[in-house]
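Protein chains: 2
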Amino acid sequence: QLTLAVLYPPPCRSCPCSLPHGLETSFTRLMRHLLSATSSLDLCVFAFSNQKHRAAATAEWGVAVSILTNKNYVFISGFQIGALRRAGAVLLFSSLPAYVHHKFCVVDSQLVIASSLNWTITAFQSNRENVLVTEEPDLVRCFIQEFEQLWEAYDPSRYLSMCISCHDCPRIFRGQNKGTRWHSR
Amino acid sequence: QLTLAVLYPPPCRSCPCSLPHGLETSFTRLMRHLLSATSSLDLCVFAFSNQKHRAAATAEWGVAVSILTNKNYVFISGFQIGALRRAGAVLLFSSLPAYVHHKFCVVDSQLVIASSLNWTITAFQSNRENVLVTEEPDLVRCFIQEFEQLWEAYDPSRYLSMCISCHDCPRIFRGQNKGTRWHSR
Numbered sequence: 001q002l003t004l005a006v007l008y009p010p011p012c013r014s015c016p017c018s019l020p021h022g023l024e025t026s027f028t029r030l031m032r033h034l035l036s037a038t039s040s041l042d043l044c045v046f047a048f049s050n051q052k053h054r055a056a057a058t059a060e061w062g063v064a065v066s067i068l069t070n071k072n073y074v075f076i077s078g079f080q081i082g083a084l085r086r087a088g089a090v091l092l093f094s095s096l097p098a099y100v101h102h103k104f105c106v107v108d109s110q111l112v113i114a115s116s117l118n119w120t121i122t123a124f125q126s127n128r129e130n131v132l133v134t135e136e137p138d139l140v141r142c143f144i145q146e147f148e149q150l151w152e153a154y155d156p157s158r159y160l161s162m163c164i165s166c167h168d169c170p171r172i173f174r175g176q177n178k179g180t181r182w183h184s185r
Numbered sequence: 001q002l003t004l005a006v007l008y009p010p011p012c013r014s015c016p017c018s019l020p021h022g023l024e025t026s027f028t029r030l031m032r033h034l035l036s037a038t039s040s041l042d043l044c045v046f047a048f049s050n051q052k053h054r055a056a057a058t059a060e061w062g063v064a065v066s067i068l069t070n071k072n073y074v075f076i077s078g079f080q081i082g083a084l085r086r087a088g089a090v091l092l093f094s095s096l097p098a099y100v101h102h103k104f105c106v107v108d109s110q111l112v113i114a115s116s117l118n119w120t121i122t123a124f125q126s127n128r129e130n131v132l133v134t135e136e137p138d139l140v141r142c143f144i145q146e147f148e149q150l151w152e153a154y155d156p157s158r159y160l161s162m163c164i165s166c167h168d169c170p171r172i173f174r175g176q177n178k179g180t181r182w183h184s185r
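Top line first, the protein sequences correspond to chains A and B.
Under the numbering used here, think of the first position of the first sequence as 1, with each following residue one higher.
Under the numbering used here, think of the first position of the second sequence as 1, with each following residue one higher.
So here's chain A without its partners, still in its complex pose (with noise of 0.2 Å):
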């Protein structure tokens, strides 16, 4: 229910959440970089499970929101899937041993905001941690290099074609019982 409020003015009073309001804090600096997204916001994060910031608001003003984070984390405390599906992200889970342990975001494909952090209300509130903002075209084409192969390694097809010539892979599908539906980009 909070997702933007921190940063949306006029500062939203009633807010329960325990983050400062009204004030210029590195929460705060880091939410305006998000909501400066006017057309793209690609976030691949290790773990996404903070209800208070969740990016995917930014897809209800016409950003499109691109989610891939791995799926042994889909299912904690906060990371409300129907939520950041029905604000119109498009979510894709890592299902392999590897983890995708990347905290960065892509924003209008010409910033790149990389962090130690992950995206959850400890590491917001409790953590010592770092997050580098940066515009420099190089830097950002690597990180768009590497959310896009990301993106086409996750992609389901290539999982649900390995399930049905193998038949011994159950994990898309118990994906799929509990409402993780597949969308191309």
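I should point out that these hints are in silico values taken from the structure, not numbers from a laboratory.
Do not rely on the hints blindly, as some may be mistaken.
[Claimed, not checked] Taking CB as the label site, the calculated pair distances span:
1. A:86 to B:157: 46 to 56 Å
2. A:83 to B:108: 19 to 29 Å
3. B:22 to A:136: 29 to 39 Å
4. B:32 to A:145: 17 to 27 Å
5. A:153 to B:155: 16 to 26 Å
6. A:22 to B:38: 22 to 32 Å
7. A:153 to B:24: 15 to 25 Å
[Stated by the list, open to error] Here's a subset of chain A near chain B, in silico, CB distances under 10 Å, partners left out:
8. 39
9. 85
10. 139
Glycine included, every Cβ here is placed at the ideal spot set by N, Cα and C.
On the provided structure of chain A, position chain B as indicated by the hints.
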């Protein structure tokens, strides 16, 4: 036993580790940056358990190595406090509830390696990660400040005085019993 053989010429043909040898990889590029240190190497890492590249070995050739990591991860397999200390590294361990979740390194106070990467063998061999290397002075200054601030914050003399006054904090003393000693930097 392996330390930096991966990069150090000539390549150690008998090295039993599973990392590529004699190849240009992300790992060897990272190692090259670490080995470029001539005066200091300041590591601030959430987890550090990769004996294959333990940077403290650089201390053997006159580089001052300072490592700040989380106390909870000190005794995981591969950390090797003793080996690091014998190589001359100075270690500090955060023991507050909040995690130091950084994964960065400052080389000679003029180059920063910041990443999504914990310094574990799993991270290097299995995960999808990103590593940023920069000499941009403003960025380097930020990381140096953060390192120095944390180094001061986790100065054990602060904990010890806390313990003396409150008499209910056995954590530090347990650490001492296990051979964890504190050094000024």
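Verification of the supplied hints:
1. Taking the beta carbon of each, residue 86 of chain A and residue 157 of chain B are about 53 Å apart, inside 46 to 56 Å as hinted.
2. Our hint of 19 to 29 Å for residue 83 of chain A and residue 108 of chain B is violated, since their Cβ atoms are close to 47 Å apart.
3. For the pair residue 22 of chain B and residue 136 of chain A, the beta carbons lie near 32 Å from each other, so the given range of 29 to 39 Å is met.
4. The hinted window of 17 to 27 Å between residue 32 of chain B and residue 145 of chain A holds, with their beta carbons roughly 22 Å apart.
5. At about 45 Å, the beta-carbon gap between residue 153 of chain A and residue 155 of chain B misses the expected band of 16 to 26 Å.
6. The hinted range of 22 to 32 Å is not satisfied by residue 22 of chain A and residue 38 of chain B, whose Cβ atoms lie roughly 47 Å apart.
7. Checked against the hint of 15 to 25 Å, the C-beta distance between residue 153 of chain A and residue 24 of chain B comes to roughly 23 Å, which is consistent with it.
8. Restraint check, residue 39 of chain A versus chain B: the minimum CB separation of about 23 Å is more than 10 Å; hint violated.
9. A least Cβ separation of about 24 Å between residue 85 of chain A and chain B goes past the 10 Å threshold, and the interface hint is therefore violated.
10. At its closest, the beta carbon of residue 139 of chain A sits 7 Å from a beta carbon of chain B; the interface hint therefore holds under the 10 Å criterion.
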